[in-house]
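J.: Residue-level listing of the chains:
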Amino acid sequence: MYVAVKGGEKAIDNAHALMREQRRGDTAIAELSVEQIKQQLPLAVDRVMNEGSVYDPELAALALKQASGDSVEAIFLLRAYRTTLPRFGYSEPVDTEQMQIERRISGTFKDLPGGQVLGSTYDYTHRLLDFALLAEGDSAPSEQASNNMGVPQSHRSEARTEAENSDKLEACPRVLELLNQEGLIEQSRGDGEEDITPRDLTRQPVNYPVERAVRLQNLIRGDEGFLLSLSYSSMRGYGDSHPFAGEMRSGRVSVELVPEELGFPIEIGEVMLTECEMVNQFHGSKDQPPQFTRGYGIAMGRAERKAMSVALVERALRAEELGEAVNYPTQDQEFVLSHTDCVSANGFVSHLKLPHYVDFQSELEMIRRLRKAASEASAQPSKDKADTAGEEI
Amino acid sequence: MTMSEQQSVSARQHWISVLAKADSKALQDQWQALAIEPEYQFIRKPEIGLTMMRGRVGGSGQPFNLGEMTLTRCAVRLDSGSLGVSYVAGRNKAHALTAALADALLQDRDYQVALQEQLIAPLEAQLIAARAEREAKASATKVDFFTLVRGED
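Taken in sequence, the protein lines are chains A and B.
If you read the first sequence in UniProt numbering, its first letter stands for residue 1, the second for the next number, and so on.
If you read the second sequence in UniProt numbering, its first letter stands for residue 1, the second for the next number, and so on.
Excised from the complex, chain A in its bound form:
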């Protein structure tokens, strides 16, 4: 039981003033603007948008600045802000097949229609600290250096000849739909299947077991670290999963909605999304032949690690529906879905910092009583206890 405390207003005010001072740092150094954070720390911004579950890079950047760069605190701020805004309905489902591709890779097919587009990536960099970024003043990295970070000069010409393609990208159909033609991969939609309006976990409580649409909504706003570790565990053996990355794509997608007063869909803007589809071996069940099954992940911005983790955990959570044994934490809906939310997790862990004086006092009393009772008992051993001790020897 938590018993409220009073007082400390002055000290709390001073503590907040100190926090603001530390957040600002050395005033001889120029202050970081929200626009700079948005432009130059975009991956941190993407994480805050995803787990804050609000697409708005400027707000996410503001939250990061206010939270001194602590992503969980920033996510909390964004979640709190979203509760102050009215909801103008639901968008039409975004069509990621129409995405303007900025990056698109496949771990399953070397040659695929539309080709593989590396886009902007840290993959293939050598993870050597780039001291050019540390240099003050004229530190804007040259185009070559930034494009080929860590790639030796001799390799660059090769990279460029390989890239001597036209400026146009071909259409990029969804990779997994190609294998579908042979019927080797499960379809994402049955023939003639009607759309079901998905439940919204921000409006309705979650009961277990819960359907795929709600599981996905939960995972997309879930903590990236938690989901990454869960998917890692499922690949290492705590879950029968070693899938292939069928396709990953990043790019801009138009968002449409149907305003009541118009009655037809209109585009309201574009969002940057990253989508990932995993392909898992499936040995078949009494209803389904052996085939590949799919795990789906999507995230706001260029959040690749997040999209992959969502896809892996999403597939693991389908165990029950596919008739697989649920043996490991990652396959357990209630375990996973009720612990993904970093705001809830942080809140519950952090509350231990609050005064628990009365609680602790009562437990202290109890321990004293128990010890007293125990020491009295050992000072005058009862006949029974002595007998038992004797038998054990």
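These are computed hints drawn from the structure, not numbers from a lab.
If you're wondering where the values come from, they're calculated on a predicted model, not measured in any experiment.
No false leads were mixed into what you were given.
If you only want the chain B side, here are some residues facing chain A, beta carbon under 7 Å, derived:
id, residue
1, Val57
2, Gly58
3, Gly61
4, Gln62
5, Pro63
6, Thr70
7, Ala89
8, Ala136
9, Ser139
10, Val143
11, Phe145
The following residues of chain A were derived to be distant from chain B, with all beta-carbon distances above 10 Å:
id, residue
12, Arg23
13, Tyr122
14, Leu133
15, Ala135
16, Leu179
17, His242
18, Ala245
19, Asp287
20, Phe292
21, Glu321
22, Leu322
23, Pro329
24, Val349
25, Leu354
26, Leu364
From the three backbone atoms N, C-alpha and C, an ideal C-beta is built for every residue, glycine too.
Assemble chain B onto chain A, guided by the hints.
T.: Just chain B, lined up with the frame of chain A:
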């Protein structure tokens, strides 16, 4: 819906899309260059809110809720009776107001041609140019992987 209604709806969808996607500063610059100051009443003052973005499982399966996004909406009525509506991603009230005014005027035969030529066309050209630039950058990173034959000679 008749054929001509269908056409006018798709024309309107087109300019609404361009107005929403346009860069906020570019929109204001183009709008001010037009020097049109129509008399209007608010049906709905610019208002910031959220919409729940939806996706589809596996890209083409059942819909699910992906996460919210901010947007600003506005509705105006011109003295001519023309009703303009805007829904614009983000939190820019000036953008939403200008988009609603432009939507109202674009339905007005007296203004339609001028606005198409001097507002929608240049804004759309900018959007297309930005898209082409992104595409060219992405295209330069297109890769061909070779699989090497493994094993002893």
